[in-house]
Amino acid sequence: MNLKDKLIKAFQETESTLSFQKERKDSIRRLEEFGFPTVKDEEWKYTNLLPIIKNEYALSASESLISKNLLDEYILTETETNVIAFVNGEFSHELSDIDTEKITLCPLSLAEKKHSTVVQNYWGKALPEHPDSLVALNTALSKEGVFVHVPKNTVAERPIQIVYFTTNISSDLFLQTRNLVVVEENAQVQITERHQNIDQKEVFTNSVTEIFAHDNSLIDFYKIQNDKRNCSLIDNTWVKQGKNCTCTVDTFSFGGKFIRNNLSFLLEGQYSESNMRGITLIGVNQLVDHHTLVDHAVANCQSNEMYKGIFDDNAKGVFNGKVMVRPDSQKTNAFQSNNNLLLTDSASIDTKPQLEIYADDVACSHGCTVGQLDDDALFYLRSRGIPFKEAQAMLMYAFANDVLSNVKIPELKQKLNRIIAEKLGVQIDIEV
Amino acid sequence: MLKINNLKASIEGNKILTGINLDVKPGEVHAIMGPNGSGKSTLSSVIAGREEYEVEDGTIDFDGESIMDLSPEERAHKGIFLSFQYPIEIPGVSVSNFLKTSLNESRKAQGLEPMPAGDLLKMMREKMELLEIKKGFLSRSLNQGFSGGEKKRNEIFQMAMLEPKLAILDETDSGLDIDALRIVANGVNKLKSKDNATVLITHYQRLLDYIVPDFVHVLYNGRIVKSGTKDLAHELEEKGYDWIIKEAEQL
Ligand SMILES: Nc1ncnc2c1ncn2[C@@H]1O[C@H](COP(=O)(O)OP(=O)(O)OP(=O)(O)O)[C@@H](O)[C@H]1O
Ligand SMILES: [Mg+2]
Numbered sequence: 040m041n042l043k044d045k046l047i048k049a050f051q052e053t054e055s056t057l058s059f060q061k062e063r064k065d066s067i068r069r070l071e072e073f074g075f076p077t078v079k080d081e082e083w084k085y086t087n088l089l090p091i092i093k094n095e096y097a098l099s100a101s102e103s104l105i106s107k108n109l110l111d112e113y114i115l116t117e118t119e120t121n122v123i124a125f126v127n128g129e130f131s132h133e134l135s136d137i138d139t140e141k142i143t144l145c146p147l148s149l150a151e152k153k154h155s156t157v158v159q160n161y162w163g164k165a166l167p168e169h170p171d172s173l174v175a176l177n178t179a180l181s182k183e184g185v186f187v188h189v190p191k192n193t194v195a196e197r198p199i200q201i202v203y204f205t206t207n208i209s210s211d212l213f214l215q216t217r218n219l220v221v222v223e224e225n226a227q228v229q230i231t232e233r234h235q236n237i238d239q240k241e242v243f244t245n246s247v248t249e250i251f252a253h254d255n256s257l258i259d260f261y262k263i264q265n266d267k268r269n270c271s272l273i274d275n276t277w278v279k280q281g282k283n284c285t286c287t288v289d290t291f292s293f294g295g296k297f298i299r300n301n302l303s304f305l306l307e308g309q310y311s312e313s314n315m316r317g318i319t320l321i322g323v324n325q326l327v328d329h330h331t332l333v334d335h336a337v338a339n340c341q342s343n344e345m346y347k348g349i350f351d352d353n354a355k356g357v358f359n360g361k362v363m364v365r366p367d368s369q370k371t372n373a374f375q376s377n378n379n380l381l382l383t384d385s386a387s388i389d390t391k392p393q394l395e396i397y398a399d400d401v402a403c404s405h406g407c408t409v410g411q412l413d414d415d416a417l418f419y420l421r422s423r424g425i426p427f428k429e430a431q432a433m434l435m436y437a438f439a440n441d442v443l444s445n446v447k448i449p450e451l452k453q454k455l456n457r458i459i460a461e462k463l464g465v466q467i468d469i470e471v
Numbered sequence: 043m044l045k046i047n048n049l050k051a052s053i054e055g056n057k058i059l060t061g062i063n064l065d066v067k068p069g070e071v072h073a074i075m076g077p078n079g080s081g082k083s084t085l086s087s088v089i090a091g092r093e094e095y096e097v098e099d100g101t102i103d104f105d106g107e108s109i110m111d112l113s114p115e116e117r118a119h120k121g122i123f124l125s126f127q128y129p130i131e132i133p134g135v136s137v138s139n140f141l142k143t144s145l146n147e148s149r150k151a152q153g154l155e156p157m158p159a160g161d162l163l164k165m166m167r168e169k170m171e172l173l174e175i176k177k178g179f180l181s182r183s184l185n186q187g188f189s190g191g192e193k194k195r196n197e198i199f200q201m202a203m204l205e206p207k208l209a210i211l212d213e214t215d216s217g218l219d220i221d222a223l224r225i226v227a228n229g230v231n232k233l234k235s236k237d238n239a240t241v242l243i244t245h246y247q248r249l250l251d252y253i254v255p256d257f258v259h260v261l262y263n264g265r266i267v268k269s270g271t272k273d274l275a276h277e278l279e280e281k282g283y284d285w286i287i288k289e290a291e292q293l
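Sequence order for the protein chains is A and B. For the first sequence, the numbering used here gives the first residue as 40, with consecutive numbering after it. For the second sequence, the numbering used here gives the first residue as 43, with consecutive numbering after it.
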């Protein structure tokens with residue numbers, strides 16, 4: 040049975056037990072009608088999903104455990120945080136470390152019972168009326184994920200770490216994870232998220248995260264994509280912003296074989312700011328696709344977009360940055376940059392800015408560059424005794440530094456530095 | 043220390059160096075002069091190991107061994123230092139981090155442990171004082187937005203930190219005001235010893251008033267067409283290159 044039919048069948052078998060029946064039914068119908076996207080879809084022109092979806096996947100796995108030591112390898116351990124962890128799609132009490140009074144952090148399945156009003160008010164509400172079939176699929180079949188609620192005038196003092204593990208699975212696995220983040224007026228939170236497979240089997244995750252940023256809120260969301268090479272991820276993030284709030288989503292893509300990020304901001308309140316930044320550093324047989332959308336639906340907002348990509352071997356990158364400025368959205372500032380380094384002739388990047396500007400009093404800019412490491416700079420460093428590999432690494436750090444320097448959690452910045460050094464095969468500790 | 047024999051080099055099919063002979067001994071200062079485009083910077087790049095140049099003939103020995111097959115970093119580790127005519131701007135790499143990496147990689151190549159951070163900082167401070175470099179300098183991006191003079195001073199700062207055996211200073215004097223020239227020249231003189239050597243590439247006598255050369259060479263069309271003592275530099279300052287070019291072309 041092909042994957043689509045298998046998913047539809049699974050839905051029919053579980054339908055009656057799921058919440059949000061109507062939404063889920065509508066959604067599965069969308070999947071039924073449109074199927075998975077193909078390279079004929081404009082939005083998927085450069086990214087072929089076919090090799091991923093033609094694989095055979097189980098849609099759930101039995102419960103399993105991982106050790107606390109293993110967990111520690113994948114999270115920040117020196118910073119005081121709240122950790123919410125899942126193994127094979129199920130919430131893990133053992134691994135999670137949640138100590139919150141002021142905010143709510145719990146599995147979504149629990150929130151549906153204990154915080155049903157909030158969930159009812161927000162679940163699915165950041166998504167477009169006609170979502171693509173992957174988002175629809177998640178809506179139809181997702182059962183678990185993270186619920187974060189930061190009440191009015193509250194600062195979540197500890198960052199939240201979200202980890203989705205997979206381990207001890209008997210066959211390749213296709214997961215639908217779902218996060219709901221509601222940050223009320225004048226509230227603040229920092230969140231990190233990663234998906235981590237420990238198993239030799241393949242894991243394909245189709246994730247949806249909805250973020251609601253109310254007036255005067257401040258949100259930093261960091262996605263660490265450094266999964267094993269047998270993993271694929273489609274990460275759909277939808278942010279809805281009120282007035283005078285700032286939301287940042289940074290995405291660090293190093294691992295996995297196939298990553299598609301769909302990141303969308305809807306600016307509905309004036310004087311708000313959306314930041315999206317990313318570092319992509321990939322090599323042999325890896326693909327990372329960033330599709331971003333900022334919808335300036337009101338005036339006086341700002342969006343800043345900065346993605347840096349370094350592509351080695353036959354790595355493939357895709358960047359599509361859409362900025363929409365609606366007719367009455369005067370005084371919009373929208374900045375976008377996508378800079379890329381191709382280290383070999385067989386690495387590639389397809390980069391496309393897509394500005395749709397219908398207001399006249401706006402400042403919008405975009406710049407895409409594709410280049411190689413500067414030979415003069417390399418020679419300069421080497422002539423000072425810095426070996427070729429280290430010199431290359433230094434230049435790549437320098438290239439990516441604009442993004443890294445914005446990371447606000449010091450330990451996370453260190454960890455990212457370490458991951459980058461490891462990826463580049465160098466030992467120099469570079470604090471650029 | 044440095045012995046170059048009949049060196050011929052080209053880039054992208056253009057023959058730039060057409061037979062260079064040069065012998066630099068420990069303790070010596072050599073000045074290389076010559077019109078624009080004669081190949082002075084090319085010569086220094088080839089000595090430092092720039093791979094874009096193709097060496098077609100000849101040999102380069104350093105301390106009695108050929109360095110022709112060595113990478114730029116290996117040459118640096120042997121003690122060759124090139125002060126660039128046009129230092130490269132590297133945004134995102136701080137001066138201090140660059141120096142730390144550079145110094146510790148050189149130490150590593152010599153089998154030494156990294157220099158303790160405290161010692162390193164102390165050394166940087168000393169050398170900065172020597173070259174009258176301002177404090178905030180260390181945390182700036184390498185050469186980015188530096189004035190012409192600051193870039194040159196930074197080159198000599200690096201040299202002071204790395205303590206090379208052979209320093210090739212490619213037009214380090216250009217772009218320096220009178221005070222800076224004095225400071226930089228002073229720095230170079232302080233670093234001089236009987237064991238190290240300096241090659242100065244310059245267009246101007248004024249540098250040679252401060253750093254007095256033992257030999258002056260004139261490079262023209264990729265060859266050294268005349269060598270002499272410091273008096274040759276004075277002669278060039280007065281008469282220009284025409285007479286040497288004529289002499290050379292008559293040969
Ligand atoms: N990549 C290249 N391709 C072709 N010609 C080159 C290349 N690089 C350098 N040249 C040429 O080689 C010649 C020597 O250049 P070089 O920079 O060594 O001169 P120079 O003596 O240092 O001059 P200046 O006094 O202006 O610094 C010049 O004619 C230059 O145009
Ligand atoms: Mg020159």
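No lab work stands behind these hints: they were computed from the structure. Each hint should be verified, as a subset may be incorrect.
Claimed, not checked - Mimicking SDA-like on lysine to any residue, the simulated pairs with C-alpha atoms at most 25 Å apart in a straight line are: (1) K452(A) to P133(B); (2) K428(A) to M110(B); (3) K207(B) to V465(A); (4) K150(B) to E112(A); (5) K428(A) to Q186(B); (6) K428(A) to Y95(B); (7) K462(A) to M110(B); (8) K150(B) to H154(A); (9) K428(A) to R248(B); (10) K428(A) to R92(B); (11) K452(A) to K236(B); (12) K50(B) to D415(A); (13) K236(B) to S52(B); (14) K452(A) to S183(B); (15) K462(A) to N263(B).
Right, here's what the structure says about each hint:
This hinted pair checks out: K452(A) and P133(B) have alpha carbons roughly 19 Å apart, not beyond 25 Å. Pair hint K428(A) plus M110(B) holds up; C-alpha atoms about 21 Å apart against a cutoff of 25 Å. With a C-alpha separation of about 28 Å, the suggested pair K207(B) and V465(A) falls outside the 25 Å cut-off, and the hint is violated. As the CA atoms of K150(B) and E112(A) are separated by approximately 30 Å, the hinted pair breaks the 25 Å bound.
Of the pairs offered as hints, the one joining K428(A) and Q186(B) holds, with about 23 Å between alpha carbons and a cut-off of 25 Å not exceeded. Straight-line distance between C-alpha atoms of K428(A) and Y95(B) comes to about 21 Å, which keeps the hinted pair within the 25 Å bound. Our distance criterion of 25 Å between C-alpha atoms is broken by K462(A) and M110(B), whose separation comes to about 32 Å. Between K150(B) and H154(A) the CA atoms are separated by roughly 59 Å; this puts the pair beyond 25 Å, and the hint is violated.
For the proposed pair K428(A) and R248(B), the alpha carbon gap of about 40 Å is over 25 Å, so the pair is violated. Between K428(A) and R92(B) the alpha-carbon distance is near 16 Å, which keeps this suggested pair within the 25 Å criterion. Only pairs whose Cα atoms come within 25 Å are accepted, and K452(A) paired with K236(B) is rejected, the gap being roughly 47 Å. Under the criterion of a C-alpha separation no larger than 25 Å, the hint pairing K50(B) with D415(A) is consistent with the structure, at around 22 Å.
Taken as a hint, the K236(B) and S52(B) pair is broken in the structure, with Cα atoms around 34 Å apart against an allowance of 25 Å. Between K452(A) and S183(B), the direct Cα distance comes to roughly 19 Å. Compliance with the 25 Å bound is thereby established for this hinted pair. Among the hinted pairs, K462(A) with N263(B) is inconsistent with the structure: their alpha-carbon atoms are about 46 Å apart, more than 25 Å.
Violated hints for the displayed structure, listed by number in ascending order: 3, 4, 7, 8, 9, 11, 13, 15.
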